Amino acid sequence: MSGEKLNVIALISGGKDSFYSLLHCIHHGHRIVALANLFPISADGGGDDSTAVRVIEPGRHDVDSASATTIDGHDAAALPDSERDLNSFMYQTVGHEIIPLYASATGLPLYRQPIVGSALRHERDYDYTSAHGQGSAAAADETESMLPLLRAVLARHPEADALCSGAILSTYQRTRVESVALRLGLTPLSYLWKYPILPSVPGALADEAQLLSDMAAAGVEARIIKVASAGLDERHLWEAVTSETGVRRVKSSLRKFGAAEGASLGEGGEFETIVVDGPDILFKKRIAVPDGGRKVIAEGGGSTWLMLRGAKLEDKAVHGQETPSSVREPALLEASFQSVVDALDLTTPVQHAAGFRSSKLLPKSDVQFRADSDTLHWHVVADASATGPFIQNEAIHVVDKIKSLLSTNGLDSSQITSVLILLRNMADFSIINSEYGKLFTKPNPPSRITISSGDLLPQDRNIVMYITAPVANAKVARNGLHVQSRSYWAPANIGPYSQAIEAAVSVDGEPTRLRSVTVAGQIPLIPASMALPTASKTLLRHQIVLSLQHLWRIGAEMKVQCWSSAVAYFARQHGENVAQESAVLAGQAWKLAHGSPDCNDDDDDNGPDPWDLKYNQRFQVLGATETKTSCPSIPDWSAYTLRQQNEPDSSVPPLFTAEVESLPRGSLVEWHVHNGLKQIEAGSVELIHLPTAGTVGGDGWQSWHLIVKAGENHIVYTTMAYSGASQDGPVVEFRVLERELGAMYRASIHTLQPNVMSLAANPLPYLGYVDLRRTESVWGHNGSDDVEIPFAVVPCHSLWDSAGQRLTAVALYKSILTDACAS
Numbered sequence: 001m002s003g004e005k006l007n008v009i010a011l012i013s014g015g016k017d018s019f020y021s022l023l024h025c026i027h028h029g030h031r032i033v034a035l036a037n038l039f040p041i042s043a044d045g046g047g048d049d050s051t052a053v054r055v056i057e058p059g060r061h062d063v064d065s066a067s068a069t070t071i072d073g074h075d076a077a078a079l080p081d082s083e084r085d086l087n088s089f090m091y092q093t094v095g096h097e098i099i100p101l102y103a104s105a106t107g108l109p110l111y112r113q114p115i116v117g118s119a120l121r122h123e124r125d126y127d128y129t130s131a132h133g134q135g136s137a138a139a140a141d142e143t144e145s146m147l148p149l150l151r152a153v154l155a156r157h158p159e160a161d162a163l164c165s166g167a168i169l170s171t172y173q174r175t176r177v178e179s180v181a182l183r184l185g186l187t188p189l190s191y192l193w194k195y196p197i198l199p200s201v202p203g204a205l206a207d208e209a210q211l212l213s214d215m216a217a218a219g220v221e222a223r224i225i226k227v228a229s230a231g232l233d234e235r236h237l238w239e240a241v242t243s244e245t246g247v248r249r250v251k252s253s254l255r256k257f258g259a260a261e262g263a264s265l266g267e268g269g270e271f272e273t274i275v276v277d278g279p280d281i282l283f284k285k286r287i288a289v290p291d292g293g294r295k296v297i298a299e300g301g302g303s304t305w306l307m308l309r310g311a312k313l314e315d316k317a318v319h320g321q322e323t324p325s326s327v328r329e330p331a332l333l334e335a336s337f338q339s340v341v342d343a344l345d346l347t348t349p350v351q352h353a354a355g356f357r358s359s360k361l362l363p364k365s366d367v368q369f370r371a372d373s374d375t376l377h378w379h380v381v382a383d384a385s386a387t388g389p390f391i392q393n394e395a396i397h398v399v400d401k402i403k404s405l406l407s408t409n410g411l412d413s414s415q416i417t418s419v420l421i422l423l424r425n426m427a428d429f430s431i432i433n434s435e436y437g438k439l440f441t442k443p444n445p446p447s448r449i450t451i452s453s454g455d456l457l458p459q460d461r462n463i464v465m466y467i468t469a470p471v472a473n474a475k476v477a478r479n480g481l482h483v484q485s486r487s488y489w490a491p492a493n494i495g496p497y498s499q500a501i502e503a504a505v506s507v508d509g510e511p512t513r514l515r516s517v518t519v520a521g522q523i524p525l526i527p528a529s530m531a532l533p534t535a536s537k538t539l540l541r542h543q544i545v546l547s548l549q550h551l552w553r554i555g556a557e558m559k560v561q562c563w564s565s566a567v568a569y570f571a572r573q574h575g576e577n578v579a580q581e582s583a584v585l586a587g588q589a590w591k592l593a594h595g596s597p598d599c600n601d602d603d604d605d606n607g608p609d610p611w612d613l614k615y616n617q618r619f620q621v622l623g624a625t626e627t628k629t630s631c632p633s634i635p636d637w638s639a640y641t642l643r644q645q646n647e648p649d650s651s652v653p654p655l656f657t658a659e660v661e662s663l664p665r666g667s668l669v670e671w672h673v674h675n676g677l678k679q680i681e682a683g684s685v686e687l688i689h690l691p692t693a694g695t696v697g698g699d700g701w702q703s704w705h706l707i708v709k710a711g712e713n714h715i716v717y718t719t720m721a722y723s724g725a726s727q728d729g730p731v732v733e734f735r736v737l738e739r740e741l742g743a744m745y746r747a748s749i750h751t752l753q754p755n756v757m758s759l760a761a762n763p764l765p766y767l768g769y770v771d772l773r774r775t776e777s778v779w780g781h782n783g784s785d786d787v788e789i790p791f792a793v794v795p796c797h798s799l800w801d802s803a804g805q806r807l808t809a810v811a812l813y814k815s816i817l818t819d820a821c822a823s
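1 is the number of the first residue of the sequence shown in UniProt numbering; add one for each residue after it.
Since the hints were made in silico from the structure, they are not lab data.
No experiment lies behind these values; they were computed from the predicted model shown.
Honestly, I wouldn't trust all of these hints.
[Unchecked claim] Distance condition first, Cα-Cα at most 30 Å in a straight line; then the derived DSBU-like pairs of lysine-lysine:
id, residue 1, residue 2
1, Lys316, Lys295
2, Lys403, Lys295
3, Lys475, Lys537
4, Lys442, Lys194
5, Lys438, Lys401
6, Lys285, Lys256
7, Lys537, Lys5
8, Lys559, Lys442
9, Lys5, Lys403
10, Lys678, Lys360
11, Lys442, Lys403
12, Lys256, Lys194
13, Lys678, Lys194
14, Lys364, Lys403
15, Lys364, Lys678
16, Lys678, Lys591
17, Lys678, Lys559
18, Lys559, Lys537
19, Lys284, Lys316
20, Lys284, Lys295
21, Lys401, Lys360
22, Lys5, Lys194
23, Lys442, Lys678
24, Lys285, Lys316
25, Lys360, Lys591
26, Lys312, Lys537
27, Lys591, Lys537
28, Lys256, Lys284
29, Lys678, Lys475
30, Lys360, Lys5
31, Lys312, Lys5
32, Lys475, Lys442
33, Lys285, Lys295
34, Lys559, Lys256
35, Lys475, Lys401
36, Lys295, Lys312
37, Lys559, Lys360
Please put together the full structure from these sequences, using the hints given.
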C-alpha cells in the first residue's frame, strides 16, 4: 500500500458498484470528503433552480421528501413522481428518490445535480472536444453534467484530489468519468475495473459472481430495483443480490438464457441495485423502505423497476470505526505468474530451442519479396540550431518537427500508433512531456516507451524520438486501450499515451485480416497505488514478473494471440555479471510465461469432472473455471501450425535485454514487445530460427522469422542478432555493421525461401539495438552538426540474448512475401 493518501469525492449512483469501490478507497487509507450524485431532471423543469447543484449535509434528511439546499441558497422542491426511467447510458437513475438519505446514513455531505443533456456521443472512447453539440448547454452530452457538480464540490472541498467510481467492465462509463476527472485535476479511482478476471479466492472455483460474494462479506446490502433481461422478472425485485441466496437465484435465472460476460453482475443492464446498508466504517444508519412504499413499474420490453416511497433511516448498532478487513484485495500476482516467480533459477539458464529451418507456410513457387511500404518510421532529433541550455526549447523543436512530418505526409497526430522516446536525463521528462502532450487532443494517443540513454545519446542532444504511423492512404482502422484509473488490474496511464493501440496490417493500402497491437512499455508499478514494489530479497525477480504480468493482461484484453519479439530494458547495472544475471532471469520469465499447449493435460483429480459441470449445482456457475489452471492466455496455440504446437519451445519469440541508463520512476526493468498480433486464422503462424555464419569478425548471426499468413500474403517479422566483436577485441564500425545487417538479412530471407524474387539491395531495419561498447560512430553528422540517424537505433551499455550471451547488435525488419503465381 502506498503512503500517498488521497482525498476522494465518491461518485455514487446508489448502486452496489459505486459503494463497494468507495469501500476500497477507505481500505487503501484514502479519505472520503464528499458524495456526488446525478439524478434525472424533474418532468416540469423544477423552476429556475432546476439545474442547480444541491448540497445535503448529514442530519438534514430523515425522509425522502425532505428539502435540500441549493448551492446558491434557494430551496429546491422535491421531485414529482414520474413513472418512467430516464434509461441513461451513463448514469443509474432508478432509486434516485432515496439518494438524499445517504448524507445522514454515512455522515458525509452529499452533492446532487440533475442530469442535463443526453447521450450525444455514443462512441466507446469519449472525446469531450466533440461533446458539446453546437455549444449550448442543452445540446451537451450528458457526461458533461459531472463538471458543474464536481466543481461545486471542489469549491467547498479544495483539498479533494481524487474521484472514485464503480466501473467494472464498461469502457464507455470509465472513459467518461476519466475525462471529467482529469480535466479537473482529480486522480480517477476505479478499483473494481476488471475485478471479475482478477485472482479469485484461493482454493475456490473462479466465479464471475465472486464480486457479489465479496460485497456481501464486506457488509454491503444491495437490493435489486430494476430488471431488464430475459431470465429476470418482477419476482427478483428487492432481492438482496449481495447474499448467498440472491447470488444463486440471479445466476440460476440468467444461466437459462445463455448470459453474456458480466451478466451476473448486471454489467449489461440485466439488473440495477440500490444499497440500503453497509459496514460501520461507512454506514452509521441503515435505510428502510416499507413494503407499501415499493411500487412496481412495468416499463415494457422486459424492463420492470421499483419506485421507492416512504424510505427512512433506522438506527443500528455501530461497533467500531476501523478499516474493514473484509474488503478483499485481489492478489497482486495471479497464480500463473506467481509460479513464474517461484520457478526463476539462475542455475538453469534458458537454452535456445533448435527450432525449424524451413517453412511449411510459405509457397514453394516463386515468391515476391518487398519491405513494408504501408508503415512510416520516423526518427526525430533537434537541429543543432535548437539545442542549448533550455530543455523545453529542444522539446518544442522536436514536437514542431513531428507536426511538420505529419503535415507533409497528410496525417494527423491521432494516426500515430507508437512512439519510442530516448532521453539523456529522465529527470527532464516532465518538461518534455508537457510539450509532447500538446500533440494529442483525441482519445487513445499512441502507445509509448520511454527510457534514458544518458550520454549514449548524440552529443548536445537530450531527446530522440522514434515515431510509427501508417501511410496516409492505408486503410487501417485504429482502436486503443487507454485506462487512466487506478485499479487492481494493471497500471493506470500517467501522461499522453495508451496502454495499447491496434491497427490493421495493410498491404498496398488495403487492410488484411491481420491486426497489429503495439503496447506501451510496462514497468512494475503496483496498480492500486501506482508505487513500485519496495525492499525484498527477490526484488528484481518480483519486478521482472510483475511488469510481465501487466504486459500479458494488456495483451489478453486486446485479444493478442502471439508476440513477434520483445526486449526487456534494465537500468544501468553494477557490472557485467549482474547484467548477465538480469538477462537470464528475464529470459526464464519470458519462456515460462508462454507455457505450453498441454499445460492442463494432467491427471489431477481435484477439479470437477464433466458430470459435475453438467449436473452438480455447486459447479454450475457463470464462467466457472478452476483457479489451479495456469495456462496463459497468450499465446493462442491454435494459431500455430501443428508442427509448432508439437514443439512448443521452438515457438517462444526472441527476447533480448538491453542495459540502458535509467527507466521511468526508478524502475529496475521495463518490458517492450515489438508487435502483438491478432485475428490470425488457425494454423497460420510459425516461427523459423536460422543460426547463420557471418563475416564480420568471423562471429555468428542468428535470425528469427515469425511468419503469419494473411490471405495471399505472408507477413514476416524478422529479428537479426549479431554476437561478434568481443569486448576485448576491436570495436565494429557502425557503417560496416549496417551493411552487414542488410547482407545477412537478405541471406536469411533466401535461406527461408530460396525462390524469393525482388529482394531490395540494402533493406533497413525499422528498429535496432546496438552495444556502444562494441561499436563506434553510431550517430552521423553533416556539415552543420545536425545528427543523421540511418534508422531507429537504441544505444545500449550492453546487449544480451535470453540465455545470457553478449550481443553486439539486434535489428528488426518487417517484410511481405507473396506467391508470385497468385498475384
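Against the structure, the hints come out as follows:
no. : hint             : result
1   : Lys316 to Lys295 : holds (26 Å)
2   : Lys403 to Lys295 : violated (60 Å)
3   : Lys475 to Lys537 : violated (50 Å)
4   : Lys442 to Lys194 : holds (24 Å)
5   : Lys438 to Lys401 : holds (13 Å)
6   : Lys285 to Lys256 : violated (38 Å)
7   : Lys537 to Lys5   : holds (27 Å)
8   : Lys559 to Lys442 : holds (23 Å)
9   : Lys5 to Lys403   : violated (39 Å)
10  : Lys678 to Lys360 : holds (20 Å)
11  : Lys442 to Lys403 : holds (15 Å)
12  : Lys256 to Lys194 : holds (25 Å)
13  : Lys678 to Lys194 : holds (21 Å)
14  : Lys364 to Lys403 : violated (45 Å)
15  : Lys364 to Lys678 : holds (26 Å)
16  : Lys678 to Lys591 : holds (20 Å)
17  : Lys678 to Lys559 : holds (6 Å)
18  : Lys559 to Lys537 : violated (35 Å)
19  : Lys284 to Lys316 : holds (7 Å)
20  : Lys284 to Lys295 : holds (27 Å)
21  : Lys401 to Lys360 : violated (45 Å)
22  : Lys5 to Lys194   : holds (23 Å)
23  : Lys442 to Lys678 : holds (25 Å)
24  : Lys285 to Lys316 : holds (6 Å)
25  : Lys360 to Lys591 : holds (24 Å)
26  : Lys312 to Lys537 : violated (55 Å)
27  : Lys591 to Lys537 : holds (23 Å)
28  : Lys256 to Lys284 : violated (39 Å)
29  : Lys678 to Lys475 : holds (17 Å)
30  : Lys360 to Lys5   : violated (57 Å)
31  : Lys312 to Lys5   : violated (34 Å)
32  : Lys475 to Lys442 : holds (19 Å)
33  : Lys285 to Lys295 : holds (24 Å)
34  : Lys559 to Lys256 : holds (28 Å)
35  : Lys475 to Lys401 : holds (25 Å)
36  : Lys295 to Lys312 : holds (16 Å)
37  : Lys559 to Lys360 : holds (25 Å)
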